[in-house]
Amino acid sequence: GAVVSQHPSWVICKSGTSVKIECRSLDFQATTMFWYRQFPKQSLMLMATSNEGSKATYEQGVEKDKFLINHASLTLSTLTVTSAHPEDSSFYICSARDTRTITGELFFGEGSRLTVL
Amino acid sequence: AQSVTQPDIHITVSEGASLELRCNYSYGATPYLFWYVQSPGQGLQLLLKYFSGDTLVQGIKGFEAEFKRSQSSFNLRKPSVHWSDAAEYFCAVGAYGGSQGNLIFGKGTKLSVKP
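Residue numbers (the numbering used here), protein chains in the order written: chain A, 4 to 120; chain B, 614 to 728.
Same shape as in the complex, but just chain A:
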C-alpha cells in the first residue's frame, strides 16, 4: 500500500513555543489529508481536513488559530501547534487519501507524540 510519513515522531517543547508536524505522502499525491488527535486510551478525533491549495476545514471545537494547517503541495501537509500548552500534549496522526484508487483509500502516518512541558 501507499506510504504516509510523519515527522517528528516525538517532540518535547516548552510551554509557549510553537511546534510543526509534517505529514508526507511518499509515493502518491494527496489532494486531501486529515489531521487527528488521539488522547490516551481513546479513539481518534478528527481535527481538520487539509485540502491542497486551499484553506483547511476545521471540525467544531477545534481552534483554527491554535492548530494551523498548511497543505502547500500535493505531498505535504503541516500542522503547527502555536503557543503550545501542556493541555495540547497528545498523539497527532495524519492520513492521506490515495485518489489513484477507486475508493480513495486512506493511509495513516505513524503519528507524532507531542509533550508540552
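Hints may contain errors.
Taking lysine to any residue and the SDA-like style, the derived pairs with C-alpha atoms no more than 20 Å apart in a straight line are [unchecked claim]:
id : chain 1 : residue 1 : chain 2 : residue 2
1  : B       : Lys723    : A       : Gln45
2  : B       : Lys662    : A       : Val6
3  : B       : Lys727    : B       : Pro692
Since the hints were derived computationally from the structure, they do not count as laboratory data.
Model the placement of chain B on the given structure of chain A, informed by the hints.
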C-alpha cells in the same frame, strides 16, 4: 447520527484461542467498513476493509470480518491468536468518492494475549 460502537473496551484471550471483536455501526448511506490495528505509540495499520461484494472479507495477519447488514455489524475474527496480536483495534465506517468523507472511528478494543 453516524456512529461506531465497539462494546468491548478490553478483551483478554489465551494464545492460540479464537478471537472475535465486535463492531456495530449507524450510518445513513451505504457504509464502507474498516478495521485498523494500532500498536502502542504507533499509527494505524489497515487490517481489512469492506466496500461491496462478498460479505466475508479476508485481511492481513489471518484476520477476517463479516459484514451483516441486518445487524449493522462488522465483527473481526481470528481463529488462533498470537502474542503479537496484542494491540488496540479500531473499527471505522465511512464513505468514499470524490472529496467527500472521512472515517468515523469506534473507541477501540484493547486486546491482551495471555501466554
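Against the structure, the hints come out as follows:
no., hint, verdict
1, B:Lys723 - A:Gln45, "holds (10 Å)"
2, B:Lys662 - A:Val6, "holds (17 Å)"
3, B:Lys727 - B:Pro692, "holds (15 Å)"
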